[in-house]
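Chemist: Here's the letter readout for the chains.
Number of protein chains: 2
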Amino acid sequence: MRVVGLGPGDPSWLLPEAAEALDWATDLVGYGPYLDMVPSRLASGAVRHGSDNRVEIQRARHALEMAAAGRRVAVISSGDPGVFAMASAVLEAQFDTEALPAWTQVRVRIVPGVSAAFAAASRVGAPLGHDFCVISLSDNLKPWSVIERRVRAALEADLVLALYNPVSRHRPHQLGVALDLVRSLRPPSTPVVMARDVGRPGEAVTVTSVGEMDAGICDMRTVILVGSTTTRVHEGAAGPVVITPRSYP
Amino acid sequence: MRVVGLGPGDPSWLLPEAAEALDWATDLVGYGPYLDMVPSRLASGAVRHGSDNRVEIQRARHALEMAAAGRRVAVISSGDPGVFAMASAVLEAQFDTEALPAWTQVRVRIVPGVSAAFAAASRVGAPLGHDFCVISLSDNLKPWSVIERRVRAALEADLVLALYNPVSRHRPHQLGVALDLVRSLRPPSTPVVMARDVGRPGEAVTVTSVGEMDAGICDMRTVILVGSTTTRVHEGAAGPVVITPRSYP
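Quick note, the sequences are listed as chains A and B, same order. Reading the first sequence from the start, the letters are residues 1 to 249 in the working numbering. Reading the second sequence from the start, the letters are residues 1 to 249 in the working numbering.
Only chain A is shown next, with the shape it has when bound in the complex (with noise of 0.2 Å):
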């Protein structure tokens, strides 16, 4: 059984490996609008298992049952499967205590892929260049509590910061509280950038900053990058340019 990342979208970051879990497999598991990206030049035989998006753990049942069946199965994830993705989906369900004992047996290989915060960095220069921290800002499966402990203790060690899964219909109010933290502690000037959709149609990236950013143009599709300190932001021939240097000072 695969876990196959397929990157933000665009065909042209999927990788090879990817591209040949896709054709390999006889089943494709995953959120409907996932396998919708899926190249229809490649597995165009597999079986589709279409399904929504908060289930992962019965989608991951379903995949390890039709795998230890003898079927070819491939589980799609958007970004890269390891970060925020099936890959921990996965592997928890084949371990869980409600596993079937031949679940453990299923041979699972993991096909990386671009996750967004990198994606969403390389459209803009090289923000993440130094040391960062990547965190969800969803508290579907832990405390907020630890969200904000996390997102200060990033902010005070002075590492840029990546944000995922910043705002959904059920906690609407989180990114603010965020926010208000990242306000707290770093200067206005600080560069921040939201990156929605990047690689796919209709991708929108801003480059803004601590003092000028506006929650209001996130959604859960936005992947959110706090500078550090050391971030700036130059004018270049496409626009601007944000860079974390190498050194610090």
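Rather than coming from a laboratory, the hints here were simulated on the basis of the structure. Fair warning: this is a prediction, and the values are worked out from it, not measured in the lab. One should not assume that every hint holds.
A partial selection of chain B residues facing chain A, derived with a Cβ cut-off under 7 Å [claimed, not checked]:
{"hint": "1", "residue": "E17"}
{"hint": "2", "residue": "A121"}
{"hint": "3", "residue": "V134"}
{"hint": "4", "residue": "A237"}
Cβ-Cβ distance ranges computed for the label pairs, FRET-style [unchecked claim]:
{"hint": "5", "chain 1": "B", "residue 1": "R72", "chain 2": "A", "residue 2": "E235", "range": "22 to 28 Å"}
{"hint": "6", "chain 1": "B", "residue 1": "S145", "chain 2": "A", "residue 2": "P101", "range": "48 to 54 Å"}
{"hint": "7", "chain 1": "A", "residue 1": "H173", "chain 2": "B", "residue 2": "R72", "range": "47 to 53 Å"}
{"hint": "8", "chain 1": "A", "residue 1": "R169", "chain 2": "B", "residue 2": "R71", "range": "48 to 54 Å"}
{"hint": "9", "chain 1": "A", "residue 1": "G211", "chain 2": "B", "residue 2": "D96", "range": "22 to 28 Å"}
{"hint": "10", "chain 1": "A", "residue 1": "R200", "chain 2": "B", "residue 2": "E235", "range": "37 to 43 Å"}
{"hint": "11", "chain 1": "A", "residue 1": "T104", "chain 2": "B", "residue 2": "S209", "range": "18 to 24 Å"}
{"hint": "12", "chain 1": "B", "residue 1": "R71", "chain 2": "A", "residue 2": "V177", "range": "48 to 54 Å"}
{"hint": "13", "chain 1": "B", "residue 1": "D96", "chain 2": "A", "residue 2": "Q105", "range": "55 to 61 Å"}
{"hint": "14", "chain 1": "A", "residue 1": "V55", "chain 2": "B", "residue 2": "T229", "range": "26 to 32 Å"}
Covered by chain A, per the in silico footprint, the following chain B stretches (three or more residues, Cβ under 8 Å) [unchecked claim]:
{"hint": "15", "region": "74 to 84"}
{"hint": "16", "region": "93 to 107"}
{"hint": "17", "region": "135 to 142"}
{"hint": "18", "region": "156 to 166"}
{"hint": "19", "region": "240 to 249"}
Ideal Cβ placement from N, Cα and C applies to all residues, glycine included.
Knowing the structure of chain A, use the given hints to seat chain B on it.
Modeler: Relative to chain A, chain B alone:
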């Protein structure tokens, strides 16, 4: 001009956009051993400008000079150029006080790749499945006190750590100090992954623990992943499987 990530080295982990950029280039600029990693079917007609490891800024200036003169230049990076690699160096050189005005007009496109931590993670399961921090232990360009503060902050906030550049001839002792900090702030049973040359000949991945880890097996080509208090190891069909679950108690 393009700054191109080769990923770890295996062609199955080279993005199509990177392959296209290599074919487009008239000139390849990079650290010698990375130029050697460019698949021979690509960039066959390009001039290769190899240089030594510690001369990133000179290399970047040379690349900008050629690009400003109309050459199609690809600067080669291993991994993701945006993560402790050539993107920062090129963009710093482009906008620093010694840059020629023509250089700032060069359009620099960053082509992402798979950075070492994510390649390593994919080999052992999903150790980076939840909030994590990426820190370089190199004190060539930043004070050791900053590194120590960041490692401590990440440990105290219970983030998974990915440590790059753990050791070199010039700084044999810093890794020991960092690992002592890990030992003092994480339980001995916490999983640790030490991965060298993932995706290259001689790949070696060791799954160990804070109590058992041995700095002696690390060199500058090793990346170290230190689990959080929720990271755990299961015995899978093909060896140990490391998981940082999506939920936090």
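Chemist: Each hint should be assessed against the structure and marked as holding or not.
Modeler: Hints, one by one, checked against the model:
1. E17: 4 Å, holds
2. A121: 5 Å, holds
3. V134: Since chain A brings a Cβ to about 5 Å from V134 of chain B, closer than 7 Å, the hint holds.
4. A237: 5 Å, holds
5. B:R72 to A:E235: 22 to 28 Å: Holds, at about 24 Å.
6. B:S145 to A:P101: 48 to 54 Å: The hint (48 to 54 Å, Cβ to Cβ) holds, given that S145 of chain B and P101 of chain A are roughly 51 Å apart.
7. A:H173 to B:R72: 47 to 53 Å: 49 Å, holds
8. A:R169 to B:R71: 48 to 54 Å: 50 Å, holds
9. A:G211 to B:D96: 22 to 28 Å: At 25 Å between Cβs, range holds.
10. A:R200 to B:E235: 37 to 43 Å: Since R200 of chain A and E235 of chain B have Cβ atoms about 39 Å apart, the given range 37 to 43 Å holds.
11. A:T104 to B:S209: 18 to 24 Å: 21 Å, holds
12. B:R71 to A:V177: 48 to 54 Å: 50 Å, holds
13. B:D96 to A:Q105: 55 to 61 Å: Distance hint for D96 of chain B, Q105 of chain A holds at roughly 56 Å.
14. A:V55 to B:T229: 26 to 32 Å: 27 Å, holds
15. 74 to 84: holds (count 5)
16. 93 to 107: holds (count 6)
17. 135 to 142: holds (count 4)
18. 156 to 166: holds (count 4)
19. 240 to 249: With 7 residues closer than 8 Å to chain A, the region 240 to 249 of chain B meets the three-residue bar; holds.
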